[in-house]
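Q: Below, each chain spelled out in residue letters.
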Amino acid sequence: MRRLSVVLAVLALLLIGGGVLAQDAPTVAVITPYLAQPGTQFVVEGFQTAAEGTGWTVNVIDTAGDVAAVISRIEDVVNQGVDAIVINVDPAQVAAGLEVASAAGIPVFGMDAGSDPLLVTNVTSNGYAMAAETATYVADRIGGAGRVVMFVFDPFPPVQKRGIIADTIFANNPDIEVIDRITPDVADGGIADSRAKMEAVLAANPEPGSISAVWAAWDQPALGALQAIEAAGRQNEGIVIVGIDANPQALDAIAAGGNFEASVAQDFAGIGAATADAVARVLAGETINQRVIYVPTVLVTGANVAEFLGD
Amino acid sequence: MDAGRNLLPTRLKGNRWLRRSGTLIGFLIVVIIFTLNNPSTFLTLPNWLNISQQVSMLAVVAFAMTIVMVMGDFDLSVGSMASLAGILAALLFRAEQPLAVGILVALGAGLIGGLINGLLVSYVGITPFVATLGTLTIFSGAAFLFSGGETIFGRDIPAEFSGFARTGLPIGTVNERPLLFPAMTILALVVLGIIWLLLEQTTYGRRLYAIGGNAEAARLAGVRVRLLRLIAFMLTGLGAATAGLMYASRVASANPTQGAGLMLDAIAAVFLGMTLSEEGEPHVLGTLLGVLILGVLDNGLTQMQVDSYVREILIGGIIIGAVTSSSLSRRNR
Numbered sequence: 001m002r003r004l005s006v007v008l009a010v011l012a013l014l015l016i017g018g019g020v021l022a023q024d025a026p027t028v029a030v031i032t033p034y035l036a037q038p039g040t041q042f043v044v045e046g047f048q049t050a051a052e053g054t055g056w057t058v059n060v061i062d063t064a065g066d067v068a069a070v071i072s073r074i075e076d077v078v079n080q081g082v083d084a085i086v087i088n089v090d091p092a093q094v095a096a097g098l099e100v101a102s103a104a105g106i107p108v109f110g111m112d113a114g115s116d117p118l119l120v121t122n123v124t125s126n127g128y129a130m131a132a133e134t135a136t137y138v139a140d141r142i143g144g145a146g147r148v149v150m151f152v153f154d155p156f157p158p159v160q161k162r163g164i165i166a167d168t169i170f171a172n173n174p175d176i177e178v179i180d181r182i183t184p185d186v187a188d189g190g191i192a193d194s195r196a197k198m199e200a201v202l203a204a205n206p207e208p209g210s211i212s213a214v215w216a217a218w219d220q221p222a223l224g225a226l227q228a229i230e231a232a233g234r235q236n237e238g239i240v241i242v243g244i245d246a247n248p249q250a251l252d253a254i255a256a257g258g259n260f261e262a263s264v265a266q267d268f269a270g271i272g273a274a275t276a277d278a279v280a281r282v283l284a285g286e287t288i289n290q291r292v293i294y295v296p297t298v299l300v301t302g303a304n305v306a307e308f309l310g311d
Numbered sequence: 001m002d003a004g005r006n007l008l009p010t011r012l013k014g015n016r017w018l019r020r021s022g023t024l025i026g027f028l029i030v031v032i033i034f035t036l037n038n039p040s041t042f043l044t045l046p047n048w049l050n051i052s053q054q055v056s057m058l059a060v061v062a063f064a065m066t067i068v069m070v071m072g073d074f075d076l077s078v079g080s081m082a083s084l085a086g087i088l089a090a091l092l093f094r095a096e097q098p099l100a101v102g103i104l105v106a107l108g109a110g111l112i113g114g115l116i117n118g119l120l121v122s123y124v125g126i127t128p129f130v131a132t133l134g135t136l137t138i139f140s141g142a143a144f145l146f147s148g149g150e151t152i153f154g155r156d157i158p159a160e161f162s163g164f165a166r167t168g169l170p171i172g173t174v175n176e177r178p179l180l181f182p183a184m185t186i187l188a189l190v191v192l193g194i195i196w197l198l199l200e201q202t203t204y205g206r207r208l209y210a211i212g213g214n215a216e217a218a219r220l221a222g223v224r225v226r227l228l229r230l231i232a233f234m235l236t237g238l239g240a241a242t243a244g245l246m247y248a249s250r251v252a253s254a255n256p257t258q259g260a261g262l263m264l265d266a267i268a269a270v271f272l273g274m275t276l277s278e279e280g281e282p283h284v285l286g287t288l289l290g291v292l293i294l295g296v297l298d299n300g301l302t303q304m305q306v307d308s309y310v311r312e313i314l315i316g317g318i319i320i321g322a323v324t325s326s327s328l329s330r331r332n333r
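Which chain is which? The protein sequence lines are A and B, in order. The letter at position 40 of the first sequence is residue 40 when you use the working numbering, and the numbering goes up by one with no holes. The letter at position 214 of the second sequence is residue 214 when you use the working numbering, and the numbering goes up by one with no holes.
Chain B extracted, bound-state conformation (with noise of 0.2 Å):
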């Protein structure tokens, strides 16, 4: 790879960094258009903090989905999960147990769910969307099976725990009102800051990685590949269950079909990344700015009235774009 690269005439050199910035590119001349069309109000950091708690349930899953996306895998079952988690978590609180017990009981459920996703792919060699789409149909009905197809809401949810949603760091004031960072978007950040040091500064990502480009020859480099996806299937179920939580914060209730939105918009936000590294590989830092470009076209299409289904066959057509013009460009090199 390395040594054909250097072959490659200085003309094509220049327009990679064109290739790879495209997305970036195309995301900052959307924030300009609508910040030409919503002057007052788009770009400015109200709207930005809004954006970034609107989009932080998501990014969480997004994050998680690329750990195992980094391994060519996939994991079709976090919504379900993500729905799960939430109504486990708040028939506890309906049964009065404290906070903590309900937060972690979900968050177990996250781990349980994705080690037996990671059995099924890892062990008993299943492909992970067939694995996965049978989880998610397991999850689904867990949850509806324990909820009773009903929605929890009301005093049965903790004012405490739906109070996460609301809250935030304090960082001045507009029009009188306080301005906060919010708690969502913190706790987001967080998750962000632990993937992206798991899969760019460990040996534990490198090895992902390795799995990614190549699982035979990883494994007889001695990349112990059945475990290490047993563990990244762990750990996406474990982002699955946080977003649900969030999630279930953020609705101050819980529903067995909530999370169902989020699997696709995450494995969308993971393509959309990955159009912006060289070799086409989930990055997380990519992943970001492809929940970005979903979250800021959700925001400035509704400030510009833009008809919500209209918005989301553009929505669709940006991501099939943009992974497109990529994908082609990669092949014309």
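Chain A extracted, bound-state conformation (with noise of 0.2 Å):
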């Protein structure tokens, strides 16, 4: 009996919980394994913003980590008949979710998840174009001319974007030269590698001067360049040091002034508000033809590296 005590008490709190629920706003479920990553946080906070003074009832569900249940809830909120999912996990490993939605005519966006036929449209930072301003910012800084170390990583497609980028940037620079494009070794997080890796061109780069710039593909290996270079001594030699993506560590670096000058941001919160446009506009009859909705990045500097810290 006391068991039966247990259970009513909390599925009475939950009745009441339910009963309140307005049913005839459009409900939009914003389902994600990943909401414990301060990046998703950003993003989904600033669907919710954006949201709030649309009348909708927002419904956030992280699956901590699992994306077959990322699949299940899918169907769990088809069955219940939202008016809209939107999804940040990558859309293939939840394809048989996708396609629940689509059989029931559920448009289904992307928020920085990747992109995918069945899906309305995916909101997203633009790689290529991220990869663009960190690589001129390294032709312009050395003056068009100079030895450059690359980290790339080209197993990951959108990891693959941004080197091609960097690629084509300095070749039409002739007087760049690419000395090695280092593929490091990735299971440990990235940094420690790199720093091995970067400690081998510098041996095999004894003179001062003889390297240029670091331009990495993300901001670990351009961490793990900017330790091989300290533990080497040779800061001073004006090796520019830049990355992409703007983590904590990256802006702690530029903020510091040293051979690490340059990182991208990605807007999240203003990828949250775009996702959040796209549904508005889809729910109001409009159809997106973009399958890829851009959000413009922001290269930090030491200029504006303190705007950026203060998150």
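Hints were generated in silico from the structure; no laboratory data involved.
Partial list, computed: chain B residues near chain A (C-beta under 7 Å):
| # | residue |
| --- | --- |
| 1 | Thr-41 |
| 2 | Phe-153 |
| 3 | Ala-165 |
| 4 | Arg-166 |
| 5 | Arg-177 |
| 6 | Tyr-247 |
| 7 | Val-251 |
| 8 | Ala-252 |
| 9 | Gly-261 |
| 10 | Asn-299 |
| 11 | Thr-302 |
| 12 | Gln-303 |
| 13 | Ser-308 |
Quick list of the computed label-pair ranges, beta carbon to beta carbon:
| # | chain 1 | residue 1 | chain 2 | residue 2 | range |
| --- | --- | --- | --- | --- | --- |
| 14 | B | Ser-277 | A | Gln-290 | 56 to 66 Å |
| 15 | A | Gly-39 | B | Leu-36 | 32 to 42 Å |
| 16 | B | Val-174 | A | Gln-48 | 25 to 35 Å |
| 17 | A | Val-292 | B | Glu-312 | 32 to 42 Å |
| 18 | B | Thr-44 | A | Glu-99 | 13 to 23 Å |
| 19 | A | Asp-277 | B | Gly-280 | 52 to 62 Å |
Non-contacting residues of chain B with respect to chain A, defined by C-beta distances greater than 10 Å in every case (computed):
| # | residue |
| --- | --- |
| 20 | Leu-136 |
| 21 | Ser-140 |
| 22 | Gly-193 |
| 23 | Ala-218 |
| 24 | Gly-222 |
| 25 | Val-225 |
| 26 | Leu-228 |
Note that the structure is a prediction, hence the values are computed from the model and not measured. Every residue, glycine too, gets a C-beta built ideally from N, C-alpha and C.
Dock chain one against chain two, each of which comes alone in its own frame, and use the hints as you go.
A: Quick look at the structure:
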């Protein structure tokens, strides 16, 4: 009997909680396995803020890293008859759920997710543009001439995109020579192996000034290269280091004013807001032709790093 | 035990049914409340087929976990075995091996992993908690090592493999869309049938319950405790690998951590099921109810738009509530 009363008490609470939900306003489910990650939190908060004035009921569902549970929750909200679904997960992995939503005629939006024919659109940052920002920064900074080390990761398509753009920009400067194009081992997060690889490059190029810059496709290799350069005592040779993503460690390094000079910050809140805007347009009956909607990114340097550290 | 039970006053005998069925009644109340809150969507055949498919992977792990828990043992390594099995199959698919090779190697890994667990517990004599905690870490490390830490997805996963999680037997149409009885559900039911037969209808199963009751007495009665326990761990490993393949099929990818959540939910499901048994023994049909409770709560609370973190707290609270009151009522007996 005691067990019964426990269950009853819990359920009574649920009933009260469930009863107050508005039924007529559009309901939008936001489903992600990654809510514990800071980037995802900013994106979801940006979405919620933008949705505040719309009168939608926004149901944020975090499956705590479980991708199969994302499929299950998509099925659940399709069954419930929500008006739109927003996902923040690789759509290829939840295709089973996307097919269910598509069969039920419920639009699904990607919020920094990845492109997929089953998504109305995906709102994200432009990887090509981010790489162009940092590669041009390097080319300009070294006056269009010098020897550059690149850290890339071609097996992962979003990062491969960045490398290909940097390749093009450096190739377009006849006096820039790419002396090494390194793919670090990322099993440990990428910093340690990048440091080891950079130490080897430094050893192979002992002359001061023989390395002008390090271009990294994301922040971890840039941080590893910075550690290697400082450990070798070569931080005063004017080697310019750039990364992408503007993670907290990179921001600290940029703020410290050393060799790590620039990175690119994604506008996570902006991605959330632009996704809410896309949902609103589709709920209003508009058709969105853009398969991907890009939200501008910001180049972070010593000049503006303070704004980002405040976050 | 039996003699003592006959001496119970009639009043208590009447309560016994209620005590055993408390979890079941609680489950029915949950169903009723969800139905009242979502009248047009919750208590529908498509939604329940949907739930059955969602819980199928957890169900297979939990059914397999029941085998070792019958003996009072645990297998903490089932989640990382599931991840490892998915990774092995995906890597073989990537190497353009036939579907059958990937699946058989993954299932073989489950048997070998179970064999290692069984040897450690049965022959080396390490407690299951420590032995399987160790192998949990080893299997997880192996999954990371083999995959290089990455998620294997896209063209590497053959369409026939990921298609399994989306197919089923057509059983009618709803809103002009075909209604499928999911293949994943059928597979879980087959595993349920096999394990039910094994545990409830064979000498092997009865001996496992005897080991759970008193391993020393079972040994003295001539039961080959070590061998039977070893086999039980192998079967649990096989079940974990099966669930890992189902998971990989459902998400059309393999990731070295994707099975991690299955272990604790599986143990929770077995414990919920144990509250149905007079002796507090695990039975695979009880485990089925435990799995359904977890799946129905997830489904219904999502439809009621209960915050996902509140949902976690509620599910944890319900598990503790059910098991606590069941053990209290048993102690008061």
